[in-house]
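Chains as they are written, first to last, in our numbering: chain A, 166 to 749; chain B, 694 to 969.
Calculated from the structure, these hints are not laboratory results.
Be aware that one or more of the hints could be misleading.
Said to hold, decoys possible - Listed below are the simulated DSS-like cross-link pairs for lysine-lysine, each with C-alpha atoms no more than 25 Å apart in a straight line:
hint, chain 1, residue 1, chain 2, residue 2
1, A, Lys368, A, Lys641
2, B, Lys863, B, Lys770
3, A, Lys641, A, Lys746
4, A, Lys368, B, Lys863
5, A, Lys368, B, Lys719
6, A, Lys746, A, Lys197
Stated by the list, open to error - Derived list of chain A stretches under chain B, where covered just means 3 residues or more per stretch with a C-beta under 8 Å from a C-beta of chain B:
hint, stretch
7, 378–384
8, 492–506
Even glycine gets a Cβ: it sits at the ideal position worked out from N, Cα and C.
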Amino acid sequence: MTALDSATDAATRGGGPVPRGGGQTVAERAPKRPISPERIAASLTLVALVVLGILAVRDVDISIPAMVQSRGNAENFMARVGGLTFPAPADLAWLIALTVGLVLVGTLLAAVLSVPIAYLAAANTTPGNGWRAAARFIGVLTRALPDVVLAMAFVLMFSLGTLPGILAIGIHSIGMISKMFADAIEQIDEGPRLAIRAAGGSKMQEFTSGILPQVLPSWVATVLHRNDINLRGSVVLGYVGVAGLGLEMSYAFKSLNYGKGLGIALVIFILCVAMEIVSSMVRGAMLGEQKHTRSWIDRILHPRLGAHASTQVERPAWAASPETAVRRPWTAQRIRHTIAGVVAVLVVIGSVLVSQINWMDLITFWAKLPEVAAKFWPPSFGNYDASAMFQAMRETVAIALAATVLTLLPSLLLGSLAARNVAPSSGARGTARLLLVGIRGIPELILAIVLVVITGLGAQAGVIALAIGGIGLLGKLIADSFEEVDRGPERALRAVGATRLQTYTSATVPQGMQALIGHSFYMLDTNIRAATILGIVGGGGVGYYLLNASQGSRYETVTAIVLMILATVLVVEGLAMWMRKVFR
Amino acid sequence: MTASASDALIRLDGVTKTFGTTTALKDASLEVSRGEIVVLLGLSGSGKSTLLRHLDGLEIPTAGSVEVLGAQVPSLKGRALRDLRSRVGFIFQQFELVPSLTVLENVLTGSLSGVRGPRLGLWGYSRASKLTALEHLDRVGLLDRAYQRSDTLSGGQQQRVAIARALMQKPAILLADEPVASLDPESSEQVMALIREIAADEGLTVVCSLHQVDLAISWADRIVGLRHGEVVLDTPTGDLTKSEVMEIYGRVATTTAEIRAVAEELVEAAAQVAAS
C-alpha cells in the first residue's frame, strides 16, 4: 500500500487531518494565495472610486424630501407648458430629415476617415509600431474631444449651418469607429489573406479582396451603432448653433415656449427609438446571413428551402456552359441585395442633399484658419479664477462618478433580468429588454433639460439624467455579457441542487465579473464626457463656463478649458485601460 | 527520374530556417525538374509546410539559397516577387477561401497579380477573365455553384474551388500543403485525382505535402521524406522500401500507441508496394 492509498483510506474513514510532512495540518500545508501588488493597487483604486462616488452622491444631495419639494416646481412647470405643441408638419418633416441627414453624413465621414486609421492601428496590418502608436493616439484624441466642443470651434470658423455639426460628429466619432474597425481587422481569419498573397496580390489587393469582405458586416454594424449614438448627441449640437431639431428646441426653451420645446423633445425621443429599431433590424439581417440561420420571415417565404439545400438539384439553365454563366442570374437573393444596396445609396445621397452643405465654406475655411487659430492661442483662463475652474472640473468629475455609482445597481438588476440564462421567464426578459431599449432611446440631454427646468440649475439634474441614461447602456452591456458566459458551470450547479439565485451568484456573476468591471469603467468614461456637455444645458460643472467663454468670444479661455477636459478624460481613459488589463 | 541540373524548376540548397529557438528546416537541399510530381512526406512539425512556403517566398530562409523558375526567391521584392508568386499556385489545407465572397469571385482573386489596383465585387473584373474563371469552375465540376457564397460549399467542393483559383494564375508550378488533411476519404480521393489530372493536362510541376504513406506511394512519382527539418529520404515511389519508410516514421515514434500506429502503416505500405 502506497502512502497515497493510506492517506485516502484515512480520509474516507473520517480520520480527520492526516499528520504528514512533520505533523502539519491541511491548513498549514495549503499553498498561500498568490498576491499580485498590481492587483491590490487596482482593487484599492476601485474601492476608492466607489467611495468617492458615494460621497459625490451625498454631496449632490439627491434626497427624497428634496424630490418631494421639487414636485411643486414640476407642477408649476407643467402648468406653464399648457400642452405640447409641434412645429407645422412640413417644417417638422424638414427638421427631421435635416437632423437625420447631417448625423448620417457625419457618421459616414468618420467611417471613411477611420478606414486608414484602423488599418494602421490593427496589429496584423500595421506597417510598423510607430504607425500603430500614431494611429491609436489619433483614436484616443478624437474620442477625448467631445463633439459639442468641436462644434463650438467649427461654428466660429464656418457660417451657421450643418457643416460644423457634420465635421464635429465626423471627427469625434473617429475614436470609437477606428477602434472597433481595428478590432475587427485583428479578429479576421488570416488564411484567405495569405492565399491572396500567395497568388501574387499586392498589399492593397490583400486588403480589398482578403480583409474587407471578412470585416464588412462588423464594420456596418459599428457604423449603425455609432449613428444611433450620434443621433442622440445631435440635440446638444443645436445648443451651440448647429441646424436641426436641437437648434429648434433650444430656441423654444430660450423663448420660454416649454410646450413647443417638450414637443420637439418628444419627436427626438421617438426618432431615436425608431432609428435604434431600424439599425438593429439591419444588423440582424446581416448577421443572419452570415450565420446561415433563417429568420421566421424566411421560413414563411421559402418553407422548403432547408430541405433542398443539401440535395443536388438539377443543373440550372444558366449553368449550361461558361458562356451562358457569365451573366449572373437574377435570383431572389440577388434581387434582395440589389434593392438593399440601392436603398442604402439613395439614403446617403439624400442625406448629403438634405444637409445643404455649403461647400464654399470648405474652401474659405483654410484662408480663415490661421486667423481663427491665432485667437485660440495661447490658452488662458482670462478673467476666470483658475481655482474656480479646477473646482468646476472637479464638480464635473463628481457628477460623472455619482451618476456611475447610481447606475450600477439598477443596471445589474435590469441587465440580469434581460439575460436569457438568468431571466425567470421569457416574459420578464422581454419586459426588461424593452425597458432598456426605451431608456436608451431617451437622449440624456433631453432628460437633463427637462430636469433642469424642474429642479433648477445645478449638479442634481445632471446626475439624475446621466444615472437614468446610463441604465440603458450599462444594462444592455451587462445582459449581453451574461448571455455570453459558459453555460456549463450553470448546468453543473443546477445539477448539484442549487437554487436559481445560487446559480446566478456562483456561476453567472463570477464569469461575467471581468466584463462587468470593464463596462463600468466604460460607463465612467462616457459619463465624464457627457458631464462636460451637460453643463452647457445647465446641468452643472465645467460645461457652463465653456459655453459662456465661447459665446463671449473668449477663445483663449475655450482652449484652456478644453485642454483641462482633455487631460481629465485621458487620465480616466488610462485608468480604465489599466483596470481592464489587471482584471482580465 | 533524377533531375538533370539544367532542367530543374526548383532548387533548394542547404536551406536552414529557425523560428526563435526552434529549427524548422536544417540544411535541406532539393531539386525538382519540370513535370515531376513530388510528395513531401513526414509527420506534423517535420518542416513540410515551411519548405513549401519558402518556394513561394512566404518565408525567407535563415541560411541557404532558394531558386524557383530561375529566380533567387529570397532576394525578390515587390513586383518581381508578386510575378513569381503568380506563376506558382498554392493549395492550402484549410482551402483559405474568403467565406463571404461568391465562388466566382474567389476564383477571380487568382488573377489579381495580373491587374492593377484593388477589385471590389464582380464588376471589377473583365468579361474575359470571368469567362476563364467559369471555364476553370466547369473543369472542377462546380460551374452551377458560381454565384453561391463560398462558405455554403462542402470541404471537398471548397478545395476544388481553391484548385480553380490556382489555375486562374496560369501557374508553372503547383504547391499543395496537406490538401486533403481536412477532408473525408471520398472527397480526398476526388481532390487528389483532380490535381493529378490537371497536372498531366497542363504539364504542371507539383510539390505536395502529405502525411499518409499509402496515399503518397500510390499518387506521387517521387517521395521526399522529412524528419525534424532534415531531408532523410529522396526516392522514386517504385523503389520505396519498408526500411526507408521506417527511417521516416520509425525513429520518431516514442509511445506504444505511436509505435503500434506506425506498425499498421508499415503493413499497409508493404501491401501497397507489393501490389504495384
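Consistency of the hints with the structure:
The hinted pair formed by Lys368 (chain A) and Lys641 (chain A) fails the criterion: a straight-line CA distance of about 39 Å is larger than 25 Å. A C-alpha spacing of about 21 Å is found between Lys863 (chain B) and Lys770 (chain B), which places the hinted pair at or below 25 Å, so the restraint holds. Between the alpha carbons of Lys641 (chain A) and Lys746 (chain A) the distance comes to roughly 22 Å, so the proposed pair stays at or under 25 Å and holds. Among the hinted pairs, Lys368 (chain A) with Lys863 (chain B) is consistent with the structure: their alpha-carbon atoms are about 21 Å apart, no more than 25 Å.
With a C-alpha separation of about 31 Å, the suggested pair Lys368 (chain A) and Lys719 (chain B) falls outside the 25 Å cut-off, and the hint is violated. At roughly 24 Å between alpha-carbon atoms, Lys746 (chain A) and Lys197 (chain A) fall within 25 Å of each other, so this suggested pair holds. Chain B is given as covering the stretch 378–384 of chain A, and this holds because 4 residues of the stretch bring a CB closer than 8 Å to a CB of that chain, at least three being needed. Remark: the stretch 492–506 of chain A is confirmed as covered by chain B, as 4 of its residues place a Cβ nearer than 8 Å to a Cβ of that chain, reaching the required three.
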